[in-house]
Amino acid sequence: MSLSICADCLSRLRISHNPRSSLAIAAVSLTPVSSFHSASVMAKNNSLVKSKKGNRAPESKYRSSQSAKMKKKTRDRPKPPPIGERRAQRHRIVLSNTNALEVPSLENWSKENMTAEENTGRMLGLDGALLDKLRDCKAFKTTQNWSLFRRPATLIRSETIQLGQEIEQVNHSQGKKTVRHLVTGDKASGKSILGLQGMTMAFMNDWLVFNIPEAQEFVNNTSSYAPLKQKDDQAQSEQLYIQPHLTQALLTRALHANESLLKTLKFNHEFPKHLPLKQGTATLKDLVQLGASDHTFAWPAWQALWRELSEPGANSRPRVLIAVDSVDHWMGPSKYRSADFKIIHAHQFTLVRQFLGLLFAKAGSSPPLANGGMLLYSTTGSNTPAFPSFGLLLNQMRARAQGLDPSAPGFPLPAPFSKPDTHVLELMSGLGDVNLVELKGLSVEESKGYMEYFVRSGLLQRPLTEISLAEFRALAGGGVVGELAKLGRRVTV
Amino acid sequence: MSPPTVRAFPSAISWTCRQCRINSVQLQARQTSLRTVVPRQNFSTTKSPQADVQIRAAPELDLKDPNAIPARIIPASPSYFTASPVFNDHVLLLQSLVKKHASLPLAPPNQTPRAVWLKLTQYRSTIGEKIAASKYSKVLDLLTRLNKIHPRVRPREVKQVLDRFRRPGSEELQTSKTGKIDEYGRSIGVGRRKEATAKVYLVEGTGEVLVNGRSIVQMFPRIHDRESALWSLKITERLNKYNVFALVSGGGVTGQAESITLALAKALLIHEPALKPALRRAGCITSDLRRVERKKPGRLKARKRPTWVKR
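Residue numbers (UniProt numbering), protein chains in the order written: chain A, 1 to 493; chain B, 1 to 311.
In case anyone wonders, no lab produced these hints; they're calculated from the structure.
Hints should not be assumed to be uniformly reliable.
As the list claims (entries may be wrong) - Computed list of lysine to aspartate or glutamate pairs in EDC-like fashion (alpha-carbon distance at most 16 Å, straight line):
{"#": "1", "chain 1": "A", "residue 1": "K486", "chain 2": "B", "residue 2": "E227"}
{"#": "2", "chain 1": "A", "residue 1": "K440", "chain 2": "B", "residue 2": "E208"}
{"#": "3", "chain 1": "A", "residue 1": "K285", "chain 2": "A", "residue 2": "E259"}
From just these sequences and the hints, can you work out the full model?
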């Protein structure tokens, strides 16, 4: 607190009676007017009154949101593309990029240099007729970076050479040799490309190729299905289901990819009477065409075709390659429901059961193919369903590959109180002949050849040195091929 | 006669209005004019100095004796006339030393002796002058320059001056723990960033990388994160010379990747200490101490205020 009067004035008040000093009191009694108001106090009051009398919006009793008063803007949305356009865009296979440079010294991959070891780590081109066949059997996928380069070419890696040598062995063997491969590996490690290379080599050797590009289609409840009529002796076993449209699609792919070969194949056995085919003159092409044209005939046509291919007869049969991609979707319950609304297991579908039975054939069973061939199944790394029983199956295969005996203490077994999938466990008895191909990163030589192709195509505008190659390989997790491609096409400033 | 003042009030509450102040000044002026006219009784007991002092001339200069008082007296310190002479002396001393020994060879950065200088507050208290931080940083620059002179050819005067500026007890601070390569050829580095902590085991090898036992591709799907995790190896071009085994925990993807950068750099320095300047230039040595600012009550996030709503 300070005094309300100046100390000097106060003292003067007390000690002197000078009338001059009343000035101090006058100064105190003055009403303080702040100097920054230009208008007087009364005028200010007047203005307040005026504004009260003026036109004002009626005061609402409640608070209302501002947005209700605002007019909504009408946005003209662009017209959506016609039906099917987006899906076509998604599935479109682009095999060339006209902006990429042409690589002059690119050799073609053919039957002659199929297994040449010196081609390891080189890119080899795919030529016309082969491309059409691969395209017809849906071997190309959108994830495989075909659209980066001027013309389709593929990297020959050591696994490719090994696969080619096995194909040659099957060709030269007189017996009914069947090679079974299950390809696994990390995401983008080249599993489906290896499948494509297997198909390419099979086409080079005039094999019959059946391809299932996406195994998930069989279990994700997007296609028609029907219960299979069971014979009396099978009444106790579980209900099986056929998938007519998927069978038709399989036959369509097989028809277009193998048309010239199928034309030459005559029937060895009699086919069911209800198929509208001429007994005697019909070839297997007619049979496949029948199934491909009408889904109601698809399943019996496939059965007749399979009998022709698996049971030996008077006419010789070609060797067969069956390629299935993302097979781990077949290792658990499907999205389909039975008539009493129970979940159908993937192994209850006839085609799935048949193809898995081929790969995991029980020891001592008859050879599945009349003239031998190859089964090339691969798992998926990007869309992996969580089926622990299949993981166990893979671990058992790894343990076997390391030479561990199934009775050894370290052999992987189901966890004690878990409920493993019994359908998948049944497959374990047929693991003996299956060869597990685990794809890892490329070797240094292979990754060098691969990245050099990026440089020569003009995608990677940086000289490739030992150090930059080491950098690419380290960043790609030890040369995982898909990751290398990502780095190769990355624009660096 | 002094103006009447009220001494009963403490000075905190008493004040004087402007009018009174003007009056008092005028009054004093009138009194002084009066004083000249009317001689007043002086109550002082001491004599006025003006009365007895006899003004004497300075002694004659003896030009023959050079040791006599000089014609112009020069202060001992060149900064005698400045506000803070000690500090200025220091600056001038250091500048002269830098200038004098500018031609001496410098030690390479990894052989420069580590120096801990006096802190600003310590320096202020030693010289008793309030020096601005920016001015002291100039002193530090000069000290750092002098410290760069190769230890083998460093003059004694430089060493003495540097010792004067060294922080007391800094000898213990200087001995940082140097890591060792263990019996398996591994070196260990620890790094932190955001909430993540990484421990890296580095061993000579062919460029394999495992993070938490998984491939780096699985651990860091984004290429950018992989690049920042391996940045210290990439910038020193050692990617195919070492194998990395990293254990990371806490934080998010970016934090984990960047904590690996620091840990990897520390582990690499144990193998190759000469890489330190290169790694420092790449930003792999200095750790980022920033953490997430806490959320406050009444705010939506750390700083964000709720939207203003009328009533």
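The hints, checked one at a time:
For the given pair, K486/A sits about 13 Å from E227/B by alpha-carbon distance, which is consistent with the 16 Å threshold. Note on K440/A and E208/B: the hinted pairing holds, with a Cα-Cα distance of about 12 Å set against a maximum of 16 Å. For a cut-off of 16 Å, the pair hint linking K285/A to E259/A stands: about 7 Å separates their Cα positions.
Violated hints: none; the structure is consistent with every hint.
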